[in-house]
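S.K.: Sequence:
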Amino acid sequence: MKIAEVSKRYGVSTDTLRYYERVGLLRHVPRNKSGIRDYDEASCNAVEFVKCMRDAGMSIESLVEYMELIDQGDGTRAARKELLSRQGEAIRARIADLERALERLQYKIDHYDDVMADSERALRPGE
1 MKIAEVSKRY GVSTDTLRYY ERVGLLRHVP RNKSGIRDYD EASCNAVEFV KCMRDAGMSI
61 ESLVEYMELI DQGDGTRAAR KELLSRQGEA IRARIADLER ALERLQYKID HYDDVMADSE
121 RALRPGE
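Note that the UniProt record's numbering has the sequence shown beginning at 1, numbered continuously upward.
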């Protein structure tokens with residue numbers, strides 16, 4: 001699959017895909033005889049994983065570290081698990097922050113509903 005197809009499929013720009021390859025996030029993208037990237041299933045799976053982790057807030061540096069650990073083999077499983085566990089903790093903390101923000105936002109919305117209802121009642125005193 002060509003880079004433009006991968007870009008469209010995963011919603012990642014071609015520049016970003018090239019950058020990910022340059023910094024080591026996409027390490028084994030095959031190329032055809034002309035040197036053009038020809039993403040195979042494994043490469044596409046890597047793109048999907050990297051996109052998911054970036055969407056989850058994982059830093060490029062942490063992802064590079066994770067990919068390096070994968071390349072080092074099975075002896076790095078505990079380190080990979082730890083890295084992903086830390087990311088999971090960060091996501092849970094971010095979710096808690098968002099839930100608090102949502103509660104505050106809903107409080108303000110409810111407040112405005114009450115104020116607006118009071119204003120409407122004041123404009124129609126005989127009802």
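Derived from the structure by calculation, the hints contain no laboratory data. Predicted model, so just to flag it, every value in this text is computed and none were measured. Some hints here could point you the wrong way.
Subject to a maximum C-alpha distance of 20 Å in a straight line, what follows is the list of computed SDA-like cross-link-like pairs (lysine to any residue) [as the list claims (entries may be wrong)]:
#, residue 1, residue 2
1, K51, R94
2, K51, V64
3, K2, V12
4, K2, R27
5, K51, E5
6, K2, G24
7, K81, C52
8, K81, K108
9, K2, E41
10, K51, N32
11, K51, K108
12, K2, I36
13, K2, R18
14, K8, D38
15, K8, M53
16, K81, L98
17, K8, N45
18, K51, Y19
19, K51, K33
20, K81, E68
21, K33, A4
22, K108, E89
23, K51, I95
24, K81, I60
25, K81, D55
26, K51, E99
27, K51, R18
28, K33, E48
29, K51, E65
30, K81, I91
31, K2, K33
32, K2, S62
33, K51, E68
34, K2, P30
35, K51, I91
36, K8, S43
37, K8, R18
38, K108, R92
39, K51, D118
S.K.: Confirm or reject each hint.
M.R.: Hint-by-hint comparison with the structure:
| no. | hint | in the structure |
| --- | --- | --- |
| 1 | K51 - R94 | holds (18 Å) |
| 2 | K51 - V64 | holds (13 Å) |
| 3 | K2 - V12 | holds (13 Å) |
| 4 | K2 - R27 | holds (16 Å) |
| 5 | K51 - E5 | holds (15 Å) |
| 6 | K2 - G24 | holds (19 Å) |
| 7 | K81 - C52 | holds (16 Å) |
| 8 | K81 - K108 | violated (41 Å) |
| 9 | K2 - E41 | holds (12 Å) |
| 10 | K51 - N32 | violated (24 Å) |
| 11 | K51 - K108 | violated (34 Å) |
| 12 | K2 - I36 | holds (8 Å) |
| 13 | K2 - R18 | holds (12 Å) |
| 14 | K8 - D38 | holds (14 Å) |
| 15 | K8 - M53 | holds (18 Å) |
| 16 | K81 - L98 | violated (25 Å) |
| 17 | K8 - N45 | holds (15 Å) |
| 18 | K51 - Y19 | holds (13 Å) |
| 19 | K51 - K33 | violated (28 Å) |
| 20 | K81 - E68 | holds (13 Å) |
| 21 | K33 - A4 | holds (18 Å) |
| 22 | K108 - E89 | violated (29 Å) |
| 23 | K51 - I95 | holds (19 Å) |
| 24 | K81 - I60 | holds (17 Å) |
| 25 | K81 - D55 | holds (19 Å) |
| 26 | K51 - E99 | violated (24 Å) |
| 27 | K51 - R18 | holds (13 Å) |
| 28 | K33 - E48 | violated (25 Å) |
| 29 | K51 - E65 | holds (16 Å) |
| 30 | K81 - I91 | holds (15 Å) |
| 31 | K2 - K33 | holds (13 Å) |
| 32 | K2 - S62 | violated (27 Å) |
| 33 | K51 - E68 | holds (17 Å) |
| 34 | K2 - P30 | holds (10 Å) |
| 35 | K51 - I91 | holds (15 Å) |
| 36 | K8 - S43 | holds (15 Å) |
| 37 | K8 - R18 | holds (14 Å) |
| 38 | K108 - R92 | violated (24 Å) |
| 39 | K51 - D118 | violated (48 Å) |
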